[in-house]
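Residue numbers (the working numbering), protein chains in the order written: chain D, 0 to 291; chain L, 0 to 291.
Everything hinted at is true.
With a straight-line cut-off of 30 Å between C-alpha atoms, the simulated DSS-like cross-links for lysine-lysine are:
{"#": "1", "chain 1": "L", "residue 1": "K196", "chain 2": "L", "residue 2": "K160"}
{"#": "2", "chain 1": "D", "residue 1": "K246", "chain 2": "L", "residue 2": "K160"}
{"#": "3", "chain 1": "L", "residue 1": "K167", "chain 2": "D", "residue 2": "K163"}
What follows is a set of in silico ranges between Cβ atoms, one per label pair, in the way DEER data are often shown:
{"#": "4", "chain 1": "L", "residue 1": "P259", "chain 2": "D", "residue 2": "F172", "range": "16 to 22 Å"}
{"#": "5", "chain 1": "D", "residue 1": "F172", "chain 2": "L", "residue 2": "K36", "range": "53 to 59 Å"}
{"#": "6", "chain 1": "D", "residue 1": "K167", "chain 2": "L", "residue 2": "E67", "range": "45 to 51 Å"}
{"#": "7", "chain 1": "L", "residue 1": "T71", "chain 2": "D", "residue 2": "D200", "range": "36 to 42 Å"}
{"#": "8", "chain 1": "L", "residue 1": "Y72", "chain 2": "D", "residue 2": "G271", "range": "36 to 42 Å"}
{"#": "9", "chain 1": "D", "residue 1": "K167", "chain 2": "L", "residue 2": "Q260", "range": "28 to 34 Å"}
{"#": "10", "chain 1": "D", "residue 1": "E44", "chain 2": "L", "residue 2": "F172", "range": "54 to 60 Å"}
{"#": "11", "chain 1": "D", "residue 1": "T71", "chain 2": "L", "residue 2": "D50", "range": "55 to 61 Å"}
{"#": "12", "chain 1": "L", "residue 1": "G142", "chain 2": "D", "residue 2": "F172", "range": "26 to 32 Å"}
To be clear about the criterion: a stretch of chain L counts as covered by chain D if any three or more of its residues have a C-beta under 8 Å from a C-beta of chain D, and this derived list gives those stretches:
{"#": "13", "stretch": "135 to 143"}
{"#": "14", "stretch": "153 to 167"}
{"#": "15", "stretch": "170 to 181"}
{"#": "16", "stretch": "212 to 222"}
{"#": "17", "stretch": "257 to 264"}
In case anyone wonders, no lab produced these hints; they're calculated from the structure.
Built from N, CA and C at the ideal position, the CB exists for glycine as well.
Protein chains: 2
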Amino acid sequence: MGLLGAIEAGGTKFVVAVADRDFNIIERDAFPTLDGKKTLDKVIEFFDKFDDIEAIGIAAFGPIDIVEGSRTYGHVLDTPKRGWSGYDFLGRMKAWRDIPYFWTTDVNGAGWAEFMTGAAKDVDNMVYLTVGTGVGAGIVSGGKMLAGYGHPEAGHILLQKHPKDTYKGHCPFHGDKCLEGLAAGPAIEDRWGMSAKEIPDDHLAWEIEAFYLAQAAVDYTMILRPEKIVFGGGVPHREVLFPMIRKSFAEQMKDYLATPQLEDYIVPVANGDNAGILGCFYLAESLLAEEK
Amino acid sequence: MGLLGAIEAGGTKFVVAVADRDFNIIERDAFPTLDGKKTLDKVIEFFDKFDDIEAIGIAAFGPIDIVEGSRTYGHVLDTPKRGWSGYDFLGRMKAWRDIPYFWTTDVNGAGWAEFMTGAAKDVDNMVYLTVGTGVGAGIVSGGKMLAGYGHPEAGHILLQKHPKDTYKGHCPFHGDKCLEGLAAGPAIEDRWGMSAKEIPDDHLAWEIEAFYLAQAAVDYTMILRPEKIVFGGGVPHREVLFPMIRKSFAEQMKDYLATPQLEDYIVPVANGDNAGILGCFYLAESLLAEEK
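So that you can see chain D by itself, here it is in the shape it has in the complex (with noise of 0.2 Å):
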């Protein structure tokens, strides 16, 4: 059997490797992100070493147009990232070897490998939260990864203020009015005139700022009814904010629906910082699980 690629390309950094069928990496490369071309440059001289790469995972930084048969399926859409807006991504891996690739998002890859062997690995329904630069997630229902137009954008789903509030948003496109204007990183440190790291446990930013993850998953709750919710990336390191996710997400739902026990439902991520390679070699290994 040969072996899995994994490309995991974020918007600051790309990772490269390559594992053997049983997910054990063999060789693994990081190098900062230029534009479109030059980094692709270097994510072929690191593949070319190995003949026998069967299938690999790509996980992009968005937005990425996913719909297959879409005009401008594997290309990086509109962003300010110079040299990226408009880059066939996909075609340019698929001109070096026509081999299977399976191109989404970042937050899909991460997801995807939380669901596999991470904290929702025992179920079917779930949603990967994570809260970062920005806020993202990837979604599972019924097993599958969920796309339909596009890939999920539920980083910016419209929300209520808390009273307390009168941070005047960082969304460029929402403002104040959706999730990532509210409670990503950058509004955080924007609010409070200090970066989240800086904020003592027992600070308003805290509640405010569970106030807002909460609300987001009953509204996914609502929706989805998934099995677990999962929290991943930078801001959720602070620990103190769980119980306080959980107590809100309470006051918020309202007992109108049942969930799983909220400690069991409401959660930070099981794979470390390996999720992303390891979410790619999964759905690598899934499109040649499907050829079987």
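Assemble the complex: chain D is given as a structure, and chain L must be docked to it using the hints.
What follows is chain L alone, placed relative to chain D:
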């Protein structure tokens, strides 16, 4: 080939029908909803006349337990409706005849009909939202009816209030915090002191109603990326609402995400009053198709 059965189990009225495998209705009956036992007596009396029913689709008023493997699967859950809380609806039917049953909510039944032959017949991903006495949603993702830890309750997502709306809300759980509490028929009537039918087209009521329905549509779009959002129920009979919902959707979405053209994206139902029964027949047929 045998026959298909349909039970549209509404909170005030039951409709039962039998059709051939081409969905031509052979016989149909309707009667008021009594308590669980008495109503099912009448249902069974109707179906007893037909020896060759192969499968029955049941679309029932909620809340109901649709989680297979659950201890109360097939039961009606806690409801203020007398003689229904905990009633084993599906068990009663199975005890009568052990044939395949598709057991789902009334909203999912009507939504499935819209997906199969109605306004969403050309897409694989859609949201059907009914706005009447309550607000409910049937969701199809990747060609499958979405369900997780129960069926969606997307009528209770939490929303921002319209700046001109001072109404206290009508949801017994969420007050003025959720879609149903702000935008269902009883909320409109209570807010303005007249029924939705009496309110003229140019009244502020419709601007506010459109704002809430559009905001919900934005959230469904962010999370599910559907190709179509179909509005049914009594309230969207007011045709002036549709251009207003589309306009408000664009204002709240702020060009963040590509959607289909709004005229094709936010649309009224295409099936008439038969949608519920039709959905049951399609669901029954799907069980037999799977067996083939």
